[in-house]
Structures are given as structure tokens and as C-alpha cells.
Amino acid sequence: MSSEDDLAWDEDVRVAVYRAFATRGRPPTAPELADAAHGSLAVAKQALHRMADPRWLWLDECEHVALAAPFAAVPLGFAVMGEHTMWWGGCAWDSFAIPHLVSGEPEVLVATRCPGCGEPSALVVRRDRPPAGAQVAYFPVPPDQLAGDRGKQRLYCDESCVDSPGELLGLDALWHLAKDWYTGCLEPGYRPRGPAEAAEYFAASARPDAFRSA
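Residue numbers (the numbering used here): 1 to 214.
I should point out that these hints are in silico values taken from the structure, not numbers from a laboratory. Remember, it's a predicted structure, so these values are computed and weren't measured experimentally. We put the CB at the ideal spot given by N, CA and C, even for glycine. Misleading hints may appear alongside valid ones.
[Unchecked claim] The calculated label-pair distances, taken between Cβ atoms and stated as ranges, are:
| # | residue 1 | residue 2 | range |
| --- | --- | --- | --- |
| 1 | R191 | T23 | 18 to 26 Å |
| 2 | R26 | P195 | 28 to 36 Å |
| 3 | G133 | G39 | 45 to 53 Å |
| 4 | P31 | E159 | 45 to 53 Å |
| 5 | A42 | R191 | 21 to 29 Å |
| 6 | S103 | G133 | 24 to 32 Å |
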């Protein structure tokens, strides 16, 4: 087996993982992973381990895919409900990105709970326009490190509920910045953005100064 074969199978496995999440809200089954690696589940698992990265692909202790950002296989604080499918969002940013990736769901209901006061929140997130509301997305790290600690990237009722230093985004800015963040992730050749690419993305956006300090 050549290194070129390894890389080709890595991409086949990655695409299979993403398309399974997008269409069914869950990762591929073991037989589906094996099919993506030309019939070998062992090769598929090797590919997953090579690609595993805290920024975008998590494996659990049983070697199952726990997250392929923006999709999660386990609850991480956000339920993203379409008419036909439900997903777990990896964080506030990921949850707003999902409707822009799933062609059969032009709008989704994003449900979560404010970490500050515990109040439940439900927002209809559409592909064609951002939702209205006073909620703010909180990020404990600078914008170019957004793929870091997803567990702390949450939606709060408003700024008064945030009691930790960090960066904030309103709903309009969150929607506009999240909508193209994962463009291409369902197709071959996609590469997740690292810190340098993230900085370029924000600089090139129409909202380079959208973040404000908590």
C-alpha cells in the first residue's frame, strides 16, 4: 500500500463521514466506512486516526466519530432540527452553519439553553436571512482560534448573562460569518481552516470587526 493510496482513502473516508452526517444526522456505519476504504474497515479506521484533529474531527474511545465539524454525533449543547432530520451542533457557530450545508432543509430550529441563567432558547435559522433576537454568541478565545474549545462556544440570552472575558457576536454577524465557513466540506478536496486561514477569512469578510469584547 503506497502513501498515495493512504491519502486517497483518507479523503474517501472523510467525504463518507461528512455526507452521512449531512443526510442522516449521524456518522456512517461500519460497513459504510469499509466501503469508503475499498472494503476494509481497518483501513478506514487508520484513515480516521490520521485525520483526527481537535479543530474538526474527534474520535471517541471506541474509535467512533464523535464530531466532524460542524456535525456532532453526541449532544454538545445544541439541537439543530430540520423538517426531516435532526443534528447535534458542535457549538453556536457550527449550529448556524448547518442549514447552509444541507440542501433539503432551507431552515432549521436551533435549540439550546443559556449557560448564564439557564433559560431555554429556540431560533429559526434560515439559509436566506439571519434570525432576529438579543442573543449573543460567546467565544472564550480570539476569532482565529474558533475551532478550539467548542464546549464553551455558547449562545447567551444577551450580554448581561455573560460573566467571563471573551469575544461576542450578535446573531446577524454570527449568521453571516458562519454561513460560508464550512463551504465545500461535503466534497473532495476540502481542507479545514487553520488559524492563518481563519484570519484571512475574517479580514476578507464584510464584518471583520464584528467581534466585540465581553
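Now for the hints, and whether the structure bears them out:
| no. | hint | verdict |
| --- | --- | --- |
| 1 | R191 - T23: 18 to 26 Å | holds (22 Å) |
| 2 | R26 - P195: 28 to 36 Å | holds (30 Å) |
| 3 | G133 - G39: 45 to 53 Å | holds (49 Å) |
| 4 | P31 - E159: 45 to 53 Å | holds (48 Å) |
| 5 | A42 - R191: 21 to 29 Å | holds (25 Å) |
| 6 | S103 - G133: 24 to 32 Å | holds (26 Å) |
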